[in-house]
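Peer 1: Here is what each chain is made of, one letter per residue.
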Amino acid sequence: MNTAAPDKASITIDGRTSEVAPGVTILTAARQMGISIPTLCNYRGMEPIGACRVCIVELETPRGPRQVSSCNYPVEDGMKVNTDTPAIRESRTIILELLLAEAPNSKKLAEFAAALGVTSTPFEKKPDGECILCGLCVKVCGDLMGRGAISMFGRGAKREVLPAYDEKSEQCQVCGACDFVCPTDASDHTHVATAATRKHLTAYNQYLEARPNIDMAHPQATPRVPFIDRKTCVHLTTGECGLCAEVCGAGAIDYEQKETIQELDVGAVLLTPGFSAFDPLRRIEYGTGFDANVIANTQFERLLSAAGPTKGHVRRPSDNATPKSIAFIQCVGSRDSKMCNDYCSSVCCMAATKEAILAKQHEPDTQVTVYYMDMRAYGKDFDRYFNRAKEMGVSYVRCRPSSVEQVSGTKNLKITYMSEDNRCVTAEHDLVVLSLGLEPSASLKDQVDRFNVMLNQWGFVLTSELSPLETSRPGVFVGGALAEPKDIPDTVMQASAVAAKAMALLASARGTRVKTKTYPPERDVTDEPPRVGVFICHCGSNIASVVDVEAVVQRTKTLPFVVHAERNMYTCADDTQDQIKDKIIKYRLNRVIVASCTPRTHEAIFRDTLRDAGLNPYLLEMANIRDQCSWVHTGEPDKATEKAKDLVRMTVGRTVGLKPLVESTVPVKNAALIIGGGVGGMTAALSIADQGYGVFLVEKENVLGGMAREIHETLDKSNVSAFVSHLIDRVESHPRIKAYLHSTVKKVDGHVGDFTSDIVTPETTLKVEHGVVILASGAKELKPQSFGYGKSDKVITQLELSGRIARNELALPEKSTIVMIQCVEQRNDERPYCSRVCCTTAVKNALLLRKRYPKARILVLYREMRTYGFREAAYREARENGIMFVRYDDKRLPEVAVDKGLTVRVTDKILGRELIMTPDLLVLAAPIVARDDRQDLSDLLRVPLNADGFFLEAHVKLRPVDFASEGLFLCGTAHSPKFISETISQANAVAGRAASILSRKRMPVGAQTAWVDPNKCIACMTCVHVCPYLAPQIGKDNKAEIQAAVCMGCGSCTSSCPAKAITLHHYLDVQILGAINSLLAGTFEEQPVETTYLEKVGVAQPRWKK
Amino acid sequence: MTQQPVILAFCCHYCAYAAADMAGSMRLQYPSNVRVLRFPCTGKIEENHLLAAFEKGVDGVLVAGCLEGGCHFLEGNLRAKKRVQRVKQILGEIGIEPERLEMFNLSSAEGPRFAEIVKEMNARIAPLGVSPLRKSETHLENGIAEMALQAEKAIQGGNR
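Those sequence lines, one after another, are chains A and B. Everything in the first sequence is counted per my numbering, starting at 1 for the first residue and increasing by one. Everything in the second sequence is counted per my numbering, starting at 1 for the first residue and increasing by one.
Isolated chain A (complex conformation) (with noise of 0.2 Å):
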């Protein structure tokens, strides 16, 4: 009688029952059974040949046992079927040596038998032999490609594979689709086509490897899916193929999906497209194209990548050896007045350093050499990275490169430079690698007309010092590498710091499109003892293909506590998390499993599917048996599916143990305090205040503007003056901020979101209550105590001589002698990091003199120029108002004598000599360095400063504004030295941070903190002085306490408390050691443990009703 529902037929296979669509054949039920049936040529998606045999199955019939190829034998209701009998093994084995003996050349087969038992053929191999004459390449390149470039020839022993005439084919298309499908390797479609194989190159790998036509765009693709490559994929081109819609079992291949034109309504625009690498071809003496070893750096970071084509081992491409000499060439594509690129790409000198370092410490052996001509190594610490680049051996050299030139045979590359000393040197090298400078992103080209922004001389958005971050119309910001090459942390910034610009555009606006989501109440689950629900998912065939999911789902059902178990084709698919609800209701679960893919993707996924079903989200685990298990064992099938089964049982062993926990909320006060008045600390208070939120801002002068009162134009001849007068103004005026000045901050309590401090001002102290933090406390220009500085009232500070200029005050002869001293008292062992602004102060205030003075012989003795950016632009039209530039060697400094009249002695390393000049002004970049206030503001604050006195950021490139405890933020001086306009951009990026806390009423404080048990608690200290967040208190009566909104939940104080005072919630000990104790109790076959709800009971008897 047929029992099953007509459109399912029922099949056993192996003594395992399961309901398959009618009509499939043996192989497919199988395979959605999980049950694995070795076979040569079926391939998934096609009709299936049968010519290989291998995939023999036992039918059981009435007439006893009957021996069919399961492949193309369609399943009929009520089939019992075995894969595994001595039958079948022995007659599988008959196969397998026929086949040897056909294709004994076959290194693939030879594999595949051998994992089958079969090792050794008796019959007569025949010579050469690869093909098992499976036709799959004939059906794949006829019927699936619709080209049939080849066919079979010839009947019985003289049958072979061939293209028509045994002639290369134009027909081949050369997809490679044979090779591909081929189970002997025996397939060479380069026997077939009179086209060249062309390698799928693709910028996943930067071009360095042939990538497949359906891949991600870039190893940290965001969303991580993949796409189809319009322009290779065989069905978009000819129409024929489809067979990726054919296998992917979750329909998401669309081939008829178009760019579709959506219209939004938007109240502000941010730009930021980035940028695009030089193209080498444009210089092409650097042998790009044509010498196989010259790389781009955007290659060698992936030859370094551990995930990249060489798996990070450094290796030169065209014999794949580690070279023995690599070469950085730098400013190919910047610096360079012909291509057009007159300016300084920012980032390359250290990501050049960066790379330099990563291949010693790939291969120690490996010589580097970075061919430059100035290192601008400007930014935070970005000296002393430097130097350690020079201690671990990284040569570099001073020059720029005329040629590269390949050596025939050993490929190696011969570069020619002029030597500082004026010698033609040839050096030769086993790679090159061409730091490739920043050019506007190549998309802007064609999107600027829409944008409606006007643009620099060189194609980047154009904005101004003063004004970093708006474009010429209202509304639309830029932020990152599109108006002037940056690096990381600058681009993180800004992208900050537009948010902002953004928010206070919308505060108006702000919260009106948010929907919130609503969830039934939560069940009390605390008196119900543990009823565990697992769902184990297929993934599709990414789990079910390797690992035996019923198996496990079987083994499962055995343990303690489980009640039900179950496996489903895609756990996160939709009606698979309804069906989940049900079973929560249904079988009142109280712990759920999904044993999947990684809880770092889906676990939030899961635990709203939870709080959907009124359970705690914290009752949720995750089973990583995709990620974890059956990608990395696909060779393993039972291996895989034990490591499942266990993977499974640990999950259940900690699970029984997990207790729901609650998200509380902690109210936010909606202010900031800001601590520092100047450019920063006022922009920040604008910003902030503009956004709709209160302020205090604490200054200890006795007036606003800080340093930047003493700075009174930039190099883009912004008023500088004017701009701090008009900030003040509106600081003064803004009805949201308070401004304190001749204060102090003297008391800082409470955590983020709720912090209570004390302003000491004048007259009080007051006590403000404040959700935020942002130290603004800048920096100052240290008075040399060198070169003559104090002796003559001829020798001043290039900060002294802004002044100068701007108020007139200078009094200098027509044709005087102007000197200025770059890196004084800076870049030494004292103070080994670089000021960032002198060189373009130097610059700047060197053109001013110059049209103040036209005669005057005015000369910059410096030891690197770091002009970075832009900035490049006025050094070299100083260098056309004949500005003089001297370098000098940082181990002879220029002498300064100040007895009778001014005297400087420098040798100049290009002349070879020494210069004496008698100046009638001597200007000297002094360093900028941190307050002295520092250490106090530190203690208050409890925030780290680094060697160098300024304060130290949670992370430098990723959070650069972001101090490590939640809620406190740093911008301006006080981080680093940097321009107005950086400040001005960090300032802007710290209100968006901050606003990221106070545009909430509650901030939710994550459920998984640490608590102490003051019973156990003995006062000991050991947490307060473990937790990295300050997040530990000692309390009132006298016992630790952790503040939950501090707590990120590391744990690290639990596991240092010696009186095991402490723990951290959702890693309890019962949890931990209940995985660990449950990994080994499966090595035998134990006996389920009676509990008292079983599955058959169905719901348990709640027991809190009367």
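Keep in mind the hints are simulated off the structure, nothing from the lab. Just so it is clear, the structure is predicted and the values come from calculations on it, not from any experiment. In this text, a Cβ means the ideal position worked out from N, Cα and C, and glycines have one as well. Any given hint could be a false lead.
To be verified - Straight line, CA to CA, 30 Å or less: simulated DSBU-like cross-link-like pairs of lysine-lysine:
#1 A:K1016 to B:K82
#2 B:K119 to A:K360
#3 A:K1016 to B:K81
#4 B:K81 to A:K1060
#5 A:K1060 to B:K88
What the hints assert, rightly or not - Per the computed footprint, the stretches of chain B lying under chain A, defined by three or more beta-carbons under 8 Å from a beta-carbon of chain A, are:
#6 83-95
#7 111-118
As the list claims (entries may be wrong) - To spell it out: a stretch of chain A is covered by chain B in this simulated footprint if at least three of its residues, at any positions, have a beta carbon under 8 Å from a beta carbon of chain B; those stretches are:
#8 111-119
#9 250-261
#10 811-824
Could you slot chain B onto chain A? The hints should help.
Peer 2: Leaving out everything else, chain B in the frame of chain A:
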């Protein structure tokens, strides 16, 4: 009963666990006898967790955290390093080869390194064989019962 060594990997969420996932998406093959246990940070791993694993008969334990200096929680991996040293010492004192335990550092982008680490650990455990503490089958029957007992404790609300 299988006599294949079992390796337990204590991985931090931010680096090692992510690297293990990456090894998966790169389809790198490594020995299947490793079982990963996720922690928020290696700084959370206590000596008794490591010892418990050995006590239960695990043959090798690897602790994998962020690169030194790159810990998401600043210094958790440095503390873990010290604890691993301490546990190694204890193992030596009680007659279990300290090589059965090792700490590794890798970044979240180092999928291949994770696969390598598992292989390295296997190569190291192979000559040592199964742990002397691996219990016989009869003893193991208590395993699940113990798991139930632990669960009972959890239900009764003990916080540790």
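Peer 1: If a hint holds in the structure, say so; if it doesn't, say that too.
Peer 2: So, going through the hints one by one against the coordinates:
Proximity of K1016 of chain A to K82 of chain B is assessed by CA-CA distance (about 25 Å); at most 30 Å being required, the pair is judged to hold. Distance restraint check for K119 of chain B and K360 of chain A: the Cα-Cα separation of roughly 25 Å lies within the 30 Å cut-off, and the hinted pair is therefore satisfied. At roughly 27 Å between alpha-carbon atoms, K1016 of chain A and K81 of chain B fall within 30 Å of each other, so this suggested pair holds. For the given pair, K81 of chain B sits about 20 Å from K1060 of chain A by alpha-carbon distance, which is consistent with the 30 Å threshold.
Of the supplied pair hints, the one linking K1060 of chain A and K88 of chain B holds, its CA atoms being roughly 21 Å apart against a limit of 30 Å. Given as covered by chain A, the segment 83-95 of chain B fails the check, having 1 residues with a CB less than 8 Å from a CB of that chain where 3 are the minimum. Counting residues of the segment 111-118 of chain B whose C-beta lies closer than 8 Å to any C-beta of chain A gives 4; at least three are required, and the coverage claim holds. Only when three residues or more bring their CB closer than 8 Å to a CB of chain B does the claim for the segment 111-119 of chain A stand; here the count is 0, and the claim is violated.
With 0 residues having a Cβ less than 8 Å from any Cβ of chain B, the segment 250-261 of chain A misses the three-residue criterion, and the hint is violated. Coverage of the segment 811-824 of chain A by chain B is violated [criterion: at least 3 residues with CB-CB distance below 8 Å; count 0].
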